[in-house]
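Please put together the full structure from these sequences, using the hints given.
Numbering (UniProt numbering), first residue to last: 1 to 244.
In short, the hints are calculated from the structure, not lab data. One thing to keep in mind: the hints can contain errors.
Quick list of in silico lysine to aspartate or glutamate cross-link-like pairs, EDC-like style, CA-CA up to 20 Å [what the hints assert, rightly or not]:
no.	residue 1	residue 2
1	147	241
2	211	241
3	104	87
4	214	195
5	61	241
6	211	229
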Amino acid sequence: MSSIGRAFSALQKGNTLAHSALSYRSFQSSAIVCAKKHPKQIRKENLAKRAAIVTEYEKSKPSPVVAAPTPFYASLHTSETVSRATDTYQHGLTAEDAVLLFEKAPQAITDITKSSVVRSKEEALKVEQQKADIVKQIVSLQNANAKAIQLWNVQRCIEWFGRKEGDTGSPEVQAAILSVRIQHLHSHLQQHKKDRHNYRQLRSMVHQRAKILKYLKNKSLTRYNSCLEQLGLQPRAVEGEIIV
1 MSSIGRAFSA
11 LQKGNTLAHS
21 ALSYRSFQSS
31 AIVCAKKHPK
41 QIRKENLAKR
51 AAIVTEYEKS
61 KPSPVVAAPT
71 PFYASLHTSE
81 TVSRATDTYQ
91 HGLTAEDAVL
101 LFEKAPQAIT
111 DITKSSVVRS
121 KEEALKVEQQ
131 KADIVKQIVS
141 LQNANAKAIQ
151 LWNVQRCIEW
161 FGRKEGDTGS
171 PEVQAAILSV
181 RIQHLHSHLQ
191 QHKKDRHNYR
201 QLRSMVHQRA
211 KILKYLKNKS
221 LTRYNSCLEQ
231 LGLQPRAVEG
241 EIIV
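Structure representation (structure tokens):
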């Protein structure tokens, strides 16, 4: 081998050894850095990771106020939907009551009216029917104010969730009534964001409903899950710490 070849070979070996030494020192330095990390620092980093996970979990928590649409909510009325509430009445009048009062009653009154009082039976029936139509308009839910609509919705809660006729005390009914009021108050606050009094009232009702649902859960898990489903609520929205 020539002197030039021997020199080139020696240069290559030197570069290889230098690279190996550099890699070893780099690895050794990294190991030393990791070995020197204090247990408190490790614990701090772990706590930070855990806090980030908890924060992300809380962000995904469903709203304790806004419920998902359900058939129950679809059966209720608001000031916007009440115009389509044909044959729906205030004061607890049912469809059967309406037939009796506005269809059968005028005919019955005409039948018992003496012929000397009016000129003809046809005229008497027409007069009584006009009276019935006036009463029908007065008690129609279409002409109701906001308070009357809310009362109708409360009655709907009793009919939907009641375990027996006229049941107003069961947890399901109480939770449903509060849910209806919460939805109504939430809609109001969307338009009146500075209404602090009603905001506090909303927060109070949300926590009150949570207590009722907690009682229902302890009493019957099946009834609890069914109630949540019909009210469009998830367990995480009504359990644990609730922030409104």
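20 Å limit on alpha-carbon distance, applied to hinted pair residue 211 and residue 229: 17 Å, holds
Holds or violated: residue 147 to residue 241, with C-alpha atoms at most 20 Å apart: 32 Å, violated
Measure nothing beyond the straight line between the CA atoms of residue 104 and residue 87; if it is 20 Å or shorter, mark the hint as holding. Given pair residue 104, residue 87 holds - Cα atoms ~16 Å apart, limit 20 Å.
Hinted pair residue 211 and residue 241, Cα distance within 20 Å: 12 Å, holds
Below or equal to 20 Å on CA atoms is what counts here, so check residue 214 against residue 195. 29 Å, violated
Check the hint pairing residue 61 with residue 241 against an upper bound of 20 Å on the C-alpha distance. 11 Å, holds
Violation of the numbered hints given earlier is confined to hints 1, 4; the remaining hints are satisfied by the structure.
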